[in-house]
Structures are given as C-alpha cells and as structure tokens.
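A.B. asks: Here are the chains, one letter per residue:
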Amino acid sequence: MIEQILNFLSYDFVRSALMAGSLAGILGAVVGYFVVLRQVSFAAHALAHIGFTGATGAALFALSPLEGMLIISVLAGGMMGASGNRIQRSEIAIGMVLSISLGIGTLFLALYKGFAGQASAILFGNIFGVSHLQIFQTLILAAISLGALLIFSRRLLFASVQPDLAEARGISLSVLSVAFMVILAVSVTLASQVVGILLVFSLIIGPAGIAARICRNFWAGITSSVAIALFSVWSGILLACLTNWPPSFWITTILFVLYLITETVCRFILRMER
Amino acid sequence: MTAALSIKDAGVRLGGHDILRGVNAQIEPGEFVGVFGPNGAGKSTLMRCVLGLTPLCAGSISLFGEPPGRANGCIGYMPQSRASLESTSLSARSLVTAVEGGDRWGFPWSNRASREEVERAMKLAGAEEYADRPFSVLSGGEKQRITLAQALLGKPRLLILDEPLASLDPRNQMRMVECIAGIKAATGATILFIAHDINPLLGHMDRVLYVAGGSAAIGPVDDIVSSESLSRLYGAEIHVVRAEGKIFIVAAEGNVTEAARHD
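Going line by line, the protein sequences match chains A and B. Each residue of the first sequence is one higher than the last, beginning at 1 in this note's numbering. Each residue of the second sequence is one higher than the last, beginning at 1 in this note's numbering.
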C-alpha cells in the first residue's frame, strides 16, 4: 500500500492536488477558527454560494471561475462585514441574497452553453484538475490572507471574545468585521477549488469546529484545526486515488467521522466536568 | 485633585428623542457609586457617553480631566452578560488572556508580563479556582467573574460595571458586591456599579446616581433615595419605604411593581 501511495505521488496532478489542498486547508482552518468563535458560520456558507454567481458569470466576462468567484464573494463579504455585529442576526437577509445569487448563477449557466462540465467542477470541486497557475494563485492569495490576519488577529480575537469591551477600548468593530469577512471570502473561494462550493462548509467549519470543541486554549485550537485540515485533505486525496471515488466525498466523510467522535467524547467529558 | 468623572449639563439625543438632559455629576477618585433607575431610563446610554461611544448633544464629560474616548485605557468596562460564548470550550483563563493587550496589533502571543497580568486580574475577580475549566460549563456567577476579570486587565482607575448582579441569586449577588468592594479596597479604583436593586449595595456604596425621568441626581443614599427626591426626578408620586433595613421603592399610583422592581 505504501508503494502504491508513493506511486501516486509520482503523478504531477496528485502532487498539485496535495499542494492546492494543503494551502486551502491551512487558510480555511485558521480563518474557520475565527468563524466558529464569531459564530458567523452561516455567512461563511452563504459566501460560497454567492460566489457561484461569480464563478459561472466569469465566463461571460472572459474571466476564470476563480477570478469571478473571488470578486463576487469579496464584495459580498465586505458588505456582510459592514453590517457589523448584526451579521449573526441577519440570517433571513443572508439567505435571500444567497438564493438570488444561485438563481442568477443558474441563468449564467443557461446563457453560456457547454458549461455544464465546469459547473459540476465548481459545485463539487475538481482538485485533480488544478493547474500550476491555479496553485500559484492559491499560494499568493493564501499568503496575503494569512499575512493580513497575522497583523490584526490579536484585535480580532479580543473583539470576537468581548466585543463591547473591545469597542470601549477604542477598537473599531466594523473595520475589523469588514477586514475579516474579506479574508473569509478569499478562504472560501480557495476552499471551493478543493471541495467545491456546495461542500466548502466542511473545510472551513469542519476542522475549526472540531478543534474548538476539544481545545481550551487559542493556540492549541488553531494548531489542531490546521492539523485536522491537513490530515483530512491528504488522506482524502490519497483515498480518492486508491478508490477512484471523488476526493470531496472522502474529505467530507473523514471530517464527519472525526466530528462524530469528538462530539461523543466531549459530551462524555463535559458531563464529568459538571 | 482632578475628579475621576465629571459630567456637566450633559444631554443625549438618540433618534430624535431626548434621552437625557441636564445631567450633572462629579465623582471623586476612589468613590463607589451605585447607578440605579428603571430600564430604558438611560443608565447604559450614560455609560456609553462616558466611554465616548455615544456623543453628547449638550454639555460635557471629562474623565480624569480628559474628554471621553481619550482616557479609555484607564477605564475597565464590564458589559452586560450576553449569550455569545455559551458553547465555547475555551477555558476561562484563555478568554481573559484573549482580552489582555487586545488592542495591540500582531498575533495574540502572551509574554510573561501579560500572563502575570491575567493571573492578577483573575485573582482580584476571585476566578482563579476555575481558571482552567471550559467557559461553557461554568455557572452564571462564575461567568460573571470571568467578565469582571477581563474588565480588570490593565489596572483601570475607573471601573464601569453594567448590571453585574443580573441573573444571580441573592447569595451570589452578595458575594459579587463584596468582591467589588474588595477590588475597590485593593486597587483604589473608582467604581460605577449599575444595578436593579439598591439593597445588595447598601453599606458598600458611597453615593447613589439615580437616573430617571430623563435626568439624573447624585448624592448620599439617604438624600437621593427618599420620597421627595425620587418623586421630583420621576415627576410622579413615589414612596420610599424602609423596612427591616431594606429599601423599597413604590409608585403611589399606576404600576406599583414597576417602580418597586425598577423595571
């Protein structure tokens, strides 16, 4: 079996998939941890679907799906961020915007014939199809996002944990919120390349949600989130090679099983704590 | 000596309505002031003005001689409890650590000085016992102590506590008030303590700031919490009844329980 895996690694498309998957996984895991802390997971989910319009509409404007999705989701993320702390309470509004986006995306699909193959790739991911250019784009975007997050993560953590006190200490909650949602939009776009728009939730929320359930300390949480993301992406891609089943299926399945295990164990432990 | 907080003829308008007008109060460093009044009277709004988050439409506020917003580093603010972190598994200590130096840039790395500051604040708030337990399993009173510890970071000279007694049972209310009095004694901080009920604070507070009827009055408990003074403030007949060492505030007509419970 190890021989088989080494054999897979000699293929360029497998190595590319591992590279792109790792980059999107790391960024998603770190950003996702803040998503869980700030309780904006529905907004994260919606951003991916809103990006669908951009991905399908891109063809009409001679852009790549990645570029189209990036533009739309960053715009939407910025607007969601501007609504500040109301974001957790505006589920209906976000839901409406998300459905009209999918609707317009469907129209774009119909207008641009012969796009069906691409559509399935956008919706369910096509990690084995990423080009070197896409890996390069992913690397740059992930580096910029992580770099930006590094600069203001201290403030973001404070504002996520105790927003009222942060505001009283002179921190602008809306600026932080916009900046964070833009970074989230980038992460969602990158993650959608790996698992597809419909399954983005698993890669952003999955590792971070599991880590946030186990870890009692911020740094332990971030580290485990990244470790879980890398483990699930790598084993998902390798299992896909072994079985010829889609990597999106394996990645989501691994994360779900991990989630079930943590949830069961945590409930048991927390009951003991009480 | 500069006053810790000086409010002169302050007025606030929100959404075209006069919330407060002609508020005057001078609070000296090291004073423990209880802030009372019915819900919606503008207690929290007044505190937001002090923090510089809501602008005044008239008058002025100064904190240790400086305009609000400028001196926020020396204010500790304990907001009303909210349900946002109910399900987190982060430990109590991590949540206090997350706030320490939280207005700095960079990533949230804590050095020895900030770890010591976290321990100091947790000890002052009486929260060190459950520092390592997940926040979500703590009781309401324990959670309040964590929020208090967050407010104590950075050695504030003025502590604004927004309803720290809300949703606590009488025994825990008493403990919380004693804890705050202890903090005052240990740090010499000026304390503005917003509460619903006057009784738990009797014997601990130096003066009362009563917000009602669109304005406010400050003074010793016996002067402010009297039938004449409160009737003037409310613009309605109010009776203050003292029994068994406790104070009850009753409206002469209309909704009796409203005034009594300060709802």
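Quick caveat, the hints were computed from the structure, so don't treat them as lab data. In this text the structure is predicted, and so the values were computed from the model without any measurement. For glycine and all other residues, C-beta sits at the position ideal for the given N, C-alpha and C. One thing to keep in mind: the hints can contain errors.
Stated by the list, open to error - To give a feel for the contact side, a few chain A residues facing chain B, derived at Cβ under 10 Å:
| no. | residue |
| --- | --- |
| 1 | Ala-121 |
| 2 | Phe-124 |
| 3 | Phe-128 |
| 4 | Ile-151 |
| 5 | Val-161 |
| 6 | Ala-220 |
| 7 | Thr-223 |
A.B. asks: Is the interface hint for A:Phe-124 satisfied, with its Cβ closer than 10 Å to some Cβ of chain B?
C.D. replies: violated, 31 Å
A.B. asks: Quick check on A:Thr-223 please, does its C-beta sit within 10 Å of some C-beta on chain B?
C.D. replies: Given a least distance of 13 Å, the restraint on A:Thr-223 is violated.
A.B. asks: Quick one, is the A:Ala-220 hint okay against chain B at 10 Å, beta carbons?
C.D. replies: With a minimum Cβ separation of about 9 Å from chain B (threshold 10 Å), the hint on A:Ala-220 holds.
A.B. asks: So, as I understand it, the hint says A:Val-161 touches chain B; can you test that by seeing if any CB pair is closer than 10 Å?
C.D. replies: holds, 4 Å
A.B. asks: Is the interface hint for A:Phe-128 satisfied, with its Cβ closer than 10 Å to some Cβ of chain B?
C.D. replies: violated, 34 Å
A.B. asks: Against chain B, is A:Ala-121 within 10 Å by beta-carbon distance?
C.D. replies: violated, 35 Å
A.B. asks: Would the hint on A:Ile-151 stand, with a C-beta cut-off of 10 Å toward chain B?
C.D. replies: holds, 6 Å
Hints 1, 2, 3 and 7, counting from the list given before, are not met by this structure.
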